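**Student:** Residue numbers (numbering that gives the first Met the number 0), protein chains in the order written: chain A, 0 to 272; chain B, 0 to 256; chain C, 0 to 179.
Any given hint could turn out to be false.
As the list claims (entries may be wrong) - Pairwise CB distance ranges (calculated):
#1 C/18 to B/22: 50 to 58 Å
#2 B/6 to A/243: 33 to 41 Å
#3 A/141 to B/7: 20 to 28 Å
#4 B/244 to C/7: 30 to 38 Å
#5 A/19 to C/3: 30 to 38 Å
#6 A/232 to B/10: 32 to 40 Å
#7 C/26 to B/69: 24 to 32 Å
#8 A/164 to B/51: 36 to 44 Å
#9 B/24 to C/92: 32 to 40 Å
#10 C/118 to B/32: 54 to 62 Å
#11 A/195 to C/7: 39 to 47 Å
#12 C/18 to A/132: 48 to 56 Å
#13 A/179 to B/51: 27 to 35 Å
#14 A/19 to B/10: 25 to 33 Å
As the list claims (entries may be wrong) - Residues of chain C clear of chain B, computed beta-carbon distances all greater than 12 Å:
#15 10
#16 25
#17 27
#18 29
#19 60
#20 106
#21 115
Since the hints were derived computationally from the structure, they do not count as laboratory data. Keep in mind that this is a model prediction, so the values were computed, not measured. For every residue, glycine included, the Cβ atom is placed at its ideal position computed from N, Cα and C.
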Amino acid sequence: MTPDAATTDFHVRFDAVRMAFGERVVFESLSTAFPRAKISVILGGSGSGKSTILRLIGGLVQPQAGAIVVDGDNVVGLPERRLYDVRRKLGMMFQGGALLDSLTVFDNLAFPLREHTKLGAAEIAAAVEDRLAAVGMSSAAGLLPGQLSGGMLKRAALARAIINKPSILLCDEPFSGLDPASTKRIERLLIRMNRDTGATLLVVSHHIPSTMRMADRVLLLLPHGPVAGAPAELRASSDVRVTSFLNEEPDPAEADDEVEAPPAGRAAKGGRW
Amino acid sequence: MEALRDLGYLAVRFVDDLGKLALFTCRIVLALFTPPVRAGAFVTELFKLGVLSLIIICVSGMAVGMVLGLQGYNTLVRFGAEQSLGAVVGLSLIRELGPVLTALLATGRAGSATAAEIGTMVATEQLDGLRMMSIDPIHLVVTPKATAMIAVLPLLSALFIVCGLFGGYAVGVGLMGLDGGTYMSSLQSAVEFDKDVLGSLLKALIFGVLIGLIATYRGYTSAPTSEGVSAATTSTVVVASVSVLIFDYFITALWGV
Amino acid sequence: MTRSPMRDFLVGLFVLAGLGAIAYLSFSVGGLSYNGPGGLKLFAAFDQTGGLKPRSPVVISGVKVGQVKEIALDPSFRARVEMDLDNRLKLPTDTSASIVTAGILGDRYISLQVGGDDHLLKSGDTMTFTESALILESLIGKFIYGRTGGGGGASANAPAGSSGSGGEDKSGGADQKKGS
Numbered sequence: 000m001t002p003d004a005a006t007t008d009f010h011v012r013f014d015a016v017r018m019a020f021g022e023r024v025v026f027e028s029l030s031t032a033f034p035r036a037k038i039s040v041i042l043g044g045s046g047s048g049k050s051t052i053l054r055l056i057g058g059l060v061q062p063q064a065g066a067i068v069v070d071g072d073n074v075v076g077l078p079e080r081r082l083y084d085v086r087r088k089l090g091m092m093f094q095g096g097a098l099l100d101s102l103t104v105f106d107n108l109a110f111p112l113r114e115h116t117k118l119g120a121a122e123i124a125a126a127v128e129d130r131l132a133a134v135g136m137s138s139a140a141g142l143l144p145g146q147l148s149g150g151m152l153k154r155a156a157l158a159r160a161i162i163n164k165p166s167i168l169l170c171d172e173p174f175s176g177l178d179p180a181s182t183k184r185i186e187r188l189l190i191r192m193n194r195d196t197g198a199t200l201l202v203v204s205h206h207i208p209s210t211m212r213m214a215d216r217v218l219l220l221l222p223h224g225p226v227a228g229a230p231a232e233l234r235a236s237s238d239v240r241v242t243s244f245l246n247e248e249p250d251p252a253e254a255d256d257e258v259e260a261p262p263a264g265r266a267a268k269g270g271r272w
Numbered sequence: 000m001e002a003l004r005d006l007g008y009l010a011v012r013f014v015d016d017l018g019k020l021a022l023f024t025c026r027i028v029l030a031l032f033t034p035p036v037r038a039g040a041f042v043t044e045l046f047k048l049g050v051l052s053l054i055i056i057c058v059s060g061m062a063v064g065m066v067l068g069l070q071g072y073n074t075l076v077r078f079g080a081e082q083s084l085g086a087v088v089g090l091s092l093i094r095e096l097g098p099v100l101t102a103l104l105a106t107g108r109a110g111s112a113t114a115a116e117i118g119t120m121v122a123t124e125q126l127d128g129l130r131m132m133s134i135d136p137i138h139l140v141v142t143p144k145a146t147a148m149i150a151v152l153p154l155l156s157a158l159f160i161v162c163g164l165f166g167g168y169a170v171g172v173g174l175m176g177l178d179g180g181t182y183m184s185s186l187q188s189a190v191e192f193d194k195d196v197l198g199s200l201l202k203a204l205i206f207g208v209l210i211g212l213i214a215t216y217r218g219y220t221s222a223p224t225s226e227g228v229s230a231a232t233t234s235t236v237v238v239a240s241v242s243v244l245i246f247d248y249f250i251t252a253l254w255g256v
Numbered sequence: 000m001t002r003s004p005m006r007d008f009l010v011g012l013f014v015l016a017g018l019g020a021i022a023y024l025s026f027s028v029g030g031l032s033y034n035g036p037g038g039l040k041l042f043a044a045f046d047q048t049g050g051l052k053p054r055s056p057v058v059i060s061g062v063k064v065g066q067v068k069e070i071a072l073d074p075s076f077r078a079r080v081e082m083d084l085d086n087r088l089k090l091p092t093d094t095s096a097s098i099v100t101a102g103i104l105g106d107r108y109i110s111l112q113v114g115g116d117d118h119l120l121k122s123g124d125t126m127t128f129t130e131s132a133l134i135l136e137s138l139i140g141k142f143i144y145g146r147t148g149g150g151g152g153a154s155a156n157a158p159a160g161s162s163g164s165g166g167e168d169k170s171g172g173a174d175q176k177k178g179s
């Protein structure tokens, strides 16, 4: 299903992107688009390339072919300087938080502001406190990342991702490792982010219930190819592979379990340092 | 045949690695000349690599000096030359043992810590997080660590040597009954600044460069798993130690000892 | 790691200690000396330098006043030594330079005996009176094979600081009594 390019405004677009790590091909020719100010969720089994899509958008890895247009700029082959400009519009919430473990939560949030803006200490403090309040972490400002629980870590990561008021928020498995209550909390936070700020959300997840609830659009990465559409459309799909995935049943076409692929791509292979 | 092909593969990979290391070094140097100056990070690294290594360096230095005093005395006394103990201890420490042993100890302590720290940052996506915030991880993390290592080694080496001289003095004068003045004058007349002390400091500086580059490179390019971090750490210790010893020969030969 | 004043203080201490150790090794042990002002350039020719090296000290009455800059062969195959001395020195033109040994088997250095002439040596001048280094082996050789005249006796020409018979090759000028 190709999205209707004429009527929808796309914030991020993939054009015939080919991504391979050495011998392993993740996408042969991926073409898709993510609409502006909407919540798009990328679903798929382990190793299907969900996280890779986010890393491609952020320019952390480079594809072998194709174009990735982020808000008008093609990040493929973009020189480092220009890439940094594009990244200003992005906020990324990493799966493990990726906060600097030697700094407190407050300093972690203040860090990008101190680096890139000329704001004074008071303004920075105000911005940090504002984001912490938005995610309900005001009391944790003085803690180190190592002292945070799983849910708190995710919220801190989210707070840092939005510190610069990005127009595109990338979330890598925001619900992973959380109990149902915390999962709901994060889900509500993300929805509220989208409503309040109008930011485009790209969420990578394998948590189907939350996805179905929050997504405006779903990109389902199946072994035979990607399928995109609104949640309701996919639920009603005639393709049994789509519906069985959404019902969290093993793919009937698969003969054996797919071995979980290692988190390749972060090493120098195909990646940018 | 298999073995030959493996050897060829290893050789190619070695050269490839060397090339990558050279590029990595260029990026570190480039970052040095790019603002902002990360003085805070530099000082923190001086603390982690230098101050925290003080105890092991000083204790080892003293122990080595004491052994030199003992062995030196026992050997020299056979030729009736025990008056030259100061010279023997001093020259051995200053020319070789100071820089080399300090480098090996520092590799084990500071080098492996650096590699592990950077490797862990890779594994926990902290470096990717920095990149997404448009901050160059080499500028923030690697350059301060590498430059601190270079700065720290000559200082540690000098402290090692001084502790060693003291250890030799304690054994030679305190234990063996040599005259203190003889020890010191023998030491002072044998050691020349140009040939010995300067060469010693130069060695320590070069070793600092080696360890700093190898430790940060291994950490930076480690696989993002716990095995990856551990492999980076052990590889750092092995590669850096061997490099130090090999470079020691070449520097000694070229400096014209 | 957050910075703390304590950490910074310890780093400062560490750096000071390290630099102090380097200074100790350089100056006290290694013999690097802080040179006083130089600037007075003088030359002296010797038949034998006996191991004198650049940076060897130049001494008057036991006090270091400069160092040897360079040693080269002059056209008549003598060793021409260039000295860099403290430019506050006022040395008469009949000052002589001898190459002497520190101790019996020690390093060579130059000792200057100040003369009494009214005229002073200027920078770039060549000293007229020099005394070459004693080579121990030739002394022993002479002693073993005997030598008539010359050699023996406590000649007033004995250079400061070394044992044995008087020096050879006293170039230039009439006999001069040199105090030691």
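**Student:** Out of the numbered hints, which ones does the structure contradict?
**Tutor:** 1, 2, 3, 5, 6, 9, 13, 15, 16, 17, 18 and 20
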